[in-house]
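Enquirer: Kindly produce the complete structure, drawing on both the sequences and the hints.
Numbering of the sequence shown is given in our numbering, commencing with residue 1 and proceeding in unit increments.
If you are wondering where the hints come from, they were derived from the structure by calculation, not from laboratory data.
For every residue, glycine included, the Cβ atom is placed at its ideal position computed from N, Cα and C.
Please note: incorrect hints may appear among the correct ones.
Beta-carbon label-pair distances, calculated as ranges [stated by the list, open to error]: (1) Thr165 x Ile334: 31 to 39 Å; (2) Ala250 x Gly110: 12 to 20 Å; (3) Asn168 x Ala37: 25 to 33 Å; (4) Ile131 x Ala37: 30 to 38 Å; (5) Val152 x Asp327: 37 to 45 Å; (6) Thr68 x Ile40: 37 to 45 Å; (7) Ser248 x Ile73: 47 to 55 Å.
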Amino acid sequence: MLSINGMVGSAWLFAPLYAAKIAGSAAIMAWLVGGIATMIIALTFAELSVLFPVAGGTAQIPQISHGTFTSFIVSWTAWLSALTMAPIEVQAILQYASTYFTSLMSLQDGIPVLTGIGMVWATILMLSFCIINIASYKGLVRFNFVLFLFKVIVIILTVFALIHTHFNTANFMGFTPSAFSMTGWQAILTAVASGGVAFAFTGFKHGVELAGETKKMAIAIPLAIVGSVVGCLILYIGLQIAFIGALSPAALANGWQNLSFVGDVGPFAGLAAGLGLVWLVKLLYIDAAVSPAGAGLIYVTSTARILYAMSQIGYLPRWLQRVNKQDFPVAAIIVNFILGMFLFLPLPGWQAMVSFLVSGMVISYAMGPIALLCMRIENATSSPRI
Numbered sequence: 001m002l003s004i005n006g007m008v009g010s011a012w013l014f015a016p017l018y019a020a021k022i023a024g025s026a027a028i029m030a031w032l033v034g035g036i037a038t039m040i041i042a043l044t045f046a047e048l049s050v051l052f053p054v055a056g057g058t059a060q061i062p063q064i065s066h067g068t069f070t071s072f073i074v075s076w077t078a079w080l081s082a083l084t085m086a087p088i089e090v091q092a093i094l095q096y097a098s099t100y101f102t103s104l105m106s107l108q109d110g111i112p113v114l115t116g117i118g119m120v121w122a123t124i125l126m127l128s129f130c131i132i133n134i135a136s137y138k139g140l141v142r143f144n145f146v147l148f149l150f151k152v153i154v155i156i157l158t159v160f161a162l163i164h165t166h167f168n169t170a171n172f173m174g175f176t177p178s179a180f181s182m183t184g185w186q187a188i189l190t191a192v193a194s195g196g197v198a199f200a201f202t203g204f205k206h207g208v209e210l211a212g213e214t215k216k217m218a219i220a221i222p223l224a225i226v227g228s229v230v231g232c233l234i235l236y237i238g239l240q241i242a243f244i245g246a247l248s249p250a251a252l253a254n255g256w257q258n259l260s261f262v263g264d265v266g267p268f269a270g271l272a273a274g275l276g277l278v279w280l281v282k283l284l285y286i287d288a289a290v291s292p293a294g295a296g297l298i299y300v301t302s303t304a305r306i307l308y309a310m311s312q313i314g315y316l317p318r319w320l321q322r323v324n325k326q327d328f329p330v331a332a333i334i335v336n337f338i339l340g341m342f343l344f345l346p347l348p349g350w351q352a353m354v355s356f357l358v359s360g361m362v363i364s365y366a367m368g369p370i371a372l373l374c375m376r377i378e379n380a381t382s383s384p385r386i
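Expert: Following this line, the structure appears as structure tokens:
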């Protein structure tokens, strides 16, 4: 459930809008492409994590399979992309909140950017994530089920409420791009990379980073990694269908690329408000704090594990291995907090942060299939397979 909680963060609040702007109604295809691609990669990491259940698997596994040089490059890339996760979730919370508290953000070239007051609140939220993890990591794990239940219920209610209230089938014209139209497939693949689709599935890596702390590994790890992708793919496709169907003709008057409506800074809340679903608007604004915060807390945990593993291997100073009474890497979390705050400066807006993360994520994800093939050859007779 940690993987699903990490996956269901800010992505579902924004990605359906950005994906639709890029690919139109074919954004549904983008979710299928992104989900299937992630599934293939997740299967390789699931098998590797059963073979090598270590903390910070993204850094440790390349070290085992390919040695120091490859591990050095992959672990640094993975850490830099993971470092972006918590700031992305903070950005999402503040972007939704800016609908009511306009002083948090200002529009620059159409992009919501944090103001000075917004940066103060970003610092407070980032610091809160760190303090909660340090103070009671085990308590956070126990609270995980409550967060999971709340998030999933809100998503299901949102899908059914939007479809039941307003569903315009005309918005789905041109759902499947022509096989001979490169523009259609380019739009779909661009939506996967830059529309938040690929980012929406990144949470499965929590199962890899925390594999060293798992019981009944042969069952729990594959279920956490692969099961989270399947479950979230179903939720995301439902959300995208509901989002597209709920759009009014006025919102699409200038085409998909210029899709806009009142309150689109918080897309689903804006749609719900336009349809008169006041109860859903209130619920969505609560979830706009809970979903990203829950994911941000877990990202802080797994990112600290990557830095901890890099220190264990010898890429970073030993003092980064310092832990508290709950065996939580405190030094690593402090370093991640300081460096994470700097990411708000060059990467304005949720979508800019997501694009940066995906570019680094590709390298670390590519390592899974390569490492698996290598380890299968070396352990041809003894390694368990998925």
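Enquirer: For every hint, state whether the structure bears it out.
Expert: Hint by hint, here is what the structure shows:
1. Thr165 x Ile334: 31 to 39 Å: 47 Å, violated
2. Ala250 x Gly110: 12 to 20 Å: 19 Å, holds
3. Asn168 x Ala37: 25 to 33 Å: 30 Å, holds
4. Ile131 x Ala37: 30 to 38 Å: At roughly 36 Å between Cβ atoms, alanine 37 and isoleucine 131 fall inside 30 to 38 Å, so the hint holds.
5. Val152 x Asp327: 37 to 45 Å: 30 Å, violated
6. Thr68 x Ile40: 37 to 45 Å: Taking Cβ atoms as reference, threonine 68 and isoleucine 40 lie about 28 Å apart, which means the hint is violated.
7. Ser248 x Ile73: 47 to 55 Å: 48 Å, holds
The structure fails to meet hints 1, 5, 6 from the earlier list, while all remaining hints are met.
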